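Below, each chain spelled out in residue letters.
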Amino acid sequence: MIDKRVATVEAAVADVRDGSTVMIGGFGLAGMPSELIDALIARGARDLTVVNNNAGNGFTGLAALLQAGLVRKIICSFPRQVDSDVFDGLYRAGRIELELVPQGNLAERIRAAGAGIGAFFTPTGYGTILAEGKETRKISGRDYVLEYPIHADVALIKARAADRWGNLVYNKTARNFGPIMATAARCTIAQVDEIVELGELDPESVVTPGIFVQRVVAVKSKVGAGARGKEVR
Amino acid sequence: MKKLNRDEMAARIARDIPDGAYVNLGIGMPTLVANHLPKDREVILHSENGVLGMGPAPPPGEEDPDLMNAGKQPVTLLKGGVYFHHADSFAMMRGGHVDICVMGAFQVSATGDLANWHSGAPDAIPAVGGAMDLAIGAKQVFVMMELLTKKGESKIVERCTYPLTGIGCVSRVYTDLAVIDITPEGLKVVETVEGLTADELERITGLSFPARATTARAGDPPLIAPQAR
Numbered sequence: 008m009i010d011k012r013v014a015t016v017e018a019a020v021a022d023v024r025d026g027s028t029v030m031i032g033g034f035g036l037a038g039m040p041s042e043l044i045d046a047l048i049a050r051g052a053r054d055l056t057v058v059n060n061n062a063g064n065g066f067t068g069l070a071a072l073l074q075a076g077l078v079r080k081i082i083c084s085f086p087r088q089v090d091s092d093v094f095d096g097l098y099r100a101g102r103i104e105l106e107l108v109p110q111g112n113l114a115e116r117i118r119a120a121g122a123g124i125g126a127f128f129t130p131t132g133y134g135t136i137l138a139e140g141k142e143t144r145k146i147s148g149r150d151y152v153l154e155y156p157i158h159a160d161v162a163l164i165k166a167r168a169a170d171r172w173g174n175l176v177y178n179k180t181a182r183n184f185g186p187i188m189a190t191a192a193r194c195t196i197a198q199v200d201e202i203v204e205l206g207e208l209d210p211e212s213v214v215t216p217g218i219f220v221q222r223v224v225a226v227k228s229k230v231g232a233g234a235r236g237k238e239v240r
Numbered sequence: 014m015k016k017l018n019r020d021e022m023a024a025r026i027a028r029d030i031p032d033g034a035y036v037n038l039g040i041g042m043p044t045l046v047a048n049h050l051p052k053d054r055e056v057i058l059h060s061e062n063g064v065l066g067m068g069p070a071p072p073p074g075e076e077d078p079d080l081m082n083a084g085k086q087p088v089t090l091l092k093g094g095v096y097f098h099h100a101d102s103f104a105m106m107r108g109g110h111v112d113i114c115v116m117g118a119f120q121v122s123a124t125g126d127l128a129n130w131h132s133g134a135p136d137a138i139p140a141v142g143g144a145m146d147l148a149i150g151a152k153q154v155f156v157m158m159e160l161l162t163k164k165g166e167s168k169i170v171e172r173c174t175y176p177l178t179g180i181g182c183v184s185r186v187y188t189d190l191a192v193i194d195i196t197p198e199g200l201k202v203v204e205t206v207e208g209l210t211a212d213e214l215e216r217i218t219g220l221s222f223p224a225r226a227t228t229a230r231a232g233d234p235p236l237i238a239p240q241a242r
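Taken in order, these protein sequences are the chains called A and B.
So in the working numbering, spot 76 of the first sequence is number 83, and the numbers just go up one at a time.
So in the working numbering, spot 129 of the second sequence is number 142, and the numbers just go up one at a time.
Honestly, the hints are just simulated from the structure, not real lab data.
Values in this document were obtained by computation on a predicted structure and should not be read as measured data.
We put the beta carbon where it would ideally sit given N, CA and C, even for glycine.
Treat the hints with care, as some may be off.
Chain A is faced by these chain B residues, among others (derived, beta-carbon under 10 Å) [stated by the list, open to error]:
(1) Phe97
(2) Asp126
(3) Gly150
Just a sample of chain A residues kept apart from chain B, beta carbon distances all over 12 Å, derived [said to hold, decoys possible]:
(4) Asp25
(5) Ala52
(6) Gln74
(7) Lys80
(8) Gly123
(9) Asp160
(10) Leu208
(11) Gln221
Input sequences plus hints: build the corresponding full structure.
Right, dumping it as structure tokens:
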């Protein structure tokens, strides 16, 4: 029997090792798997490379992970925000490495990893400092930059509901990076508002098929849809 | 000479967005354009975090933390609107499916190079987001910016000195003093504000406009007079 359910967020991240590359879903706070991140902080794996669109907001979630000193490098598109104080401080102090990637290249590099693509030519960034030193090619009269996939050891994502096979549906714009990160990691862990019986998710509406998901854990979330008192099983 | 304020600039841009267009409005000033879209046109707003058919901000108290725009502000979804993941969202942008994007800028060059993501200051923390994808992907890139810096220097320049976002990608620049097209023949003045002549525009920008405006025509809404079409 396939049963990807895990009882707690702590158990879900118990084997994340030092030096891992960890993809973390979310765009700002929408879709950020805050409870899984808290469990990762408690787990204490160090020297992590984190992949996220941003670099943390305020002092919770991803920002707390950075503040805990567990992250060596972050790969993201938009670190600087009004409330990115933790990242800003670490960056200015030279205590975190930043790989800045245009947002569409970030998404496509993740997608490519999940789809088994070895590299791809993209027009985004051509002629800019973010493409310096990269291979380029003119194809049908247009200039492109060669970009490589981003693979991860672990992806931590947030969805609205799962079943025990790991099929996922999301909530509104909290979907963002979840579906592509799920495909790009060796172990994808999804925190969800509820776990339903097999067959309850409409197969036409499942966004992430369970083949891409290794663990699901039901969490009554502090942030996002689950935070508004919705009944969670 | 009366400069346009931000809402007037937004209203001017909105006039040029046709019925049926798929449009991405960049973070900051361009979001004002949404407030001025004519009610008789159906324009579908795209937000790169994963929405088509984005609606206005919800009433206070009805914000949904899972329904945000790219600026991480709460929004709503119109009937017919949809959600999708990030790779699909950027396929819409990079694949040439978005008709128009409106972005702010530090500088635009006479050949349509765009600089809008990085001040270039050594101590600045860089952040690029989707700017480079929109620059090369949207069918038309509109820039919305004040024409002059606070020091009075033109932000339309021969060559950008700020780090580039994209090369030769800007179609049209909407400013508080003039609307200027980037054409293969060079800069073309579409309109100037009432009381601003083409000579003065050339003087304050230090640029030459091969297709020159001649006279300002008063009274055309909203404060910009079409000329040299």
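For each hint, the structure was consulted:
1. For the restraint placing Phe97/B at the interface with chain A, the shortest Cβ-Cβ distance is roughly 7 Å, inside the 10 Å limit, so the hint holds.
2. Interface hint status for Asp126/B: upheld, as the beta-carbon distance to the closest one in chain A is roughly 8 Å, under 10 Å.
3. With its C-beta approaching chain A no nearer than about 7 Å, Gly150/B sits inside the 10 Å limit, and its interface hint holds.
4. For Asp25/A, the shortest C-beta to C-beta distance to chain B comes to about 27 Å, beyond the 12 Å cut-off, and the non-interface label holds.
5. No beta-carbon of chain B comes within 12 Å of the beta-carbon of Ala52/A; the shortest separation is about 26 Å.
6. The beta carbon of Gln74/A sits about 17 Å from the closest Cβ of chain B, which is more than 12 Å, so the claim that it is off the interface holds.
7. Lys80/A, annotated as away from the interface, keeps every beta carbon of chain B farther than 12 Å; the closest lies near 15 Å.
8. Even its closest Cβ contact with chain B, about 14 Å, leaves Gly123/A beyond 12 Å, as expected for a residue assigned away from the interface.
9. Remark: the non-interface label on Asp160/A is consistent with the geometry, its nearest Cβ contact in chain B lying 20 Å away (cut-off 12 Å).
10. Even its closest Cβ contact with chain B, about 16 Å, leaves Leu208/A beyond 12 Å, as expected for a residue assigned away from the interface.
11. Distance to chain B confirms Gln221/A as a non-interface residue, since its nearest Cβ pair spans about 19 Å, more than 12 Å.
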